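Work out the full structure: start from the sequences and follow the hints.
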Amino acid sequence: MDTVSETTDALADFGFGEGFDPFAEEDESGEEIEIEGMGTFPMPSDEQARKVVEAAYAHVASLSPVERIGSMLDRLSGRRPVLLEVIRYCEKPRMVSEVESLIDDFQASNASVYSASSLCVRLLDAGALTLFEADPLPPRIVEVDGVEYLEPVRASEGIWQSTPDGLAAVAAAEKGGRLRGLFDQTPAAQEIYLRILACCNEAPRSMAELSDLLRDEPSLERLGKQVSWFVEHLEAADALVWQGSWKTTMSGSAALEEK
Amino acid sequence: MIGCAEIRIEDLLTSRMETYRFLARLYRVEIDEDLYHELELMRFPINTGSKEVDEGHRLLCSYLSRPWSGVAIELAADYVRTFMGHGITMHEAAYPYESVHTSPRRLMMQEARDEVLEIYRRASLKRDADWKDGEDHIAIELEFMGVVAQRAVDALGRDDEGAAADWLLQSQIFLSNHLLNWVPMLVADMLRFAKTDFYMAIAKMTIGFLETDSEFLAEALCQEEAYTA
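Sequence lines, in order, name chains X and V.
If you're matching positions, the first sequence starts at 1 in the working numbering and goes up one per residue.
If you're matching positions, the second sequence starts at 1 in the working numbering and goes up one per residue.
If you are wondering where the hints come from, they were derived from the structure by calculation, not from laboratory data.
The structure presented is a predicted model; accordingly, all values stated were derived computationally and were not measured.
It is possible that part of the hints are untrue.
The list that follows gives simulated cross-link-like pairs (lysine to any residue, SDA-like), each with its CA atoms no further than 25 Å apart [claimed, not checked]: (1) X:K259 - X:E191; (2) X:K247 - X:L220; (3) X:K92 - V:I73; (4) V:K195 - X:A56; (5) V:K195 - X:Q48; (6) X:K259 - X:G181; (7) V:K195 - X:V153.
Following this line, the structure appears as structure tokens:
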């Protein structure tokens, strides 16, 4: 898309404003800025800006590697299931395209503003994945009509692999700590949670099917919640996952066996 | 008669038009997958006569050996880091606006923007409604050069050498009074703030091409003047 377009084919002389001096000395004090009608404001120095950024990330720096991954999974709670799935999948080395394909399939029924590569970079930054890339290859020289050109030579695809810390974060999620916390937090709802898990363990279910399942459940009215409320909480506790329909996860199945 | 004995002048003018539009695209928004794959298939001359362009081609070609999946986020992040920065002091990125580099307080939408806007209007050009940024953004200034270059090509296609020479003169004036007036500073900042060889290559290719085009225009218009006289 062009950002300028022609309106007519007219041509006029060019002219430049008097007093235009691109070489005029710049005011480089950088101490304050004046905004018309609002007065002047102090400008932070680079050092001040650096300290603000460091302070903002201080809490992350103090976390252990596994805690840092857990913190990232909490911050991206809506993407938690797919992120955990990627770490599991990359226990063995996987090509970048394989991982992206897994994420795209996973997100096909659960759309996200995060692209596959963006999620992988989040996992890389948090220390849950490692990326192995071949060194860039030098371009090849070709001659066409007596003129020498450079041609890019594509290197082999990168490989993702989970780190021990990433796998430890998955193991922690699979222990069902979040689900136990959910049960402890709302004991009165535990029976409903288990019925949903059992139902979705038999076969993937739609929300309509789950609503039918709990249509006559008296505690629903007593708790004043819709079925979707329970499903969302189970999903956040790693016990249910949406893949075109609701399915019970490994940690959800483990909780059923325990009960 | 305009130009050069060995290469057809039409081809030369078309090539510079394409280069301006290519560079404009590289600056306008982040690189996307389609453009990256197009770049992977391109050939880049080794000896262009410009050290900067040659170095830019070498850096770019080496960078393009990396698959898109490995560079997509890196390139998007580097575009933001290089051209937008994260601060408010106007000294933390290579701001791609002429106004920032030519106004005392490094502010956007200053005299330079008004001037180029006036030039676009006089050339009967208007901004695309989707473009929400200043008209003195480097992408727009480069695209303006591309449009003017296209007009020179069209004029030559009609055997109207006088009109072609006029358009080349407009190119020379805009290049000298605007692009070459601030792009050297922009390029210096790009080389300072960019972290990828990709944007460092674009910086070198840009300044190298503008300087080469300035020399070409001077020579072409000098020959035209001599011929007319």
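Quiz item: Looking back at the hints listed earlier, which ones does the structure fail to meet?
Solution: none
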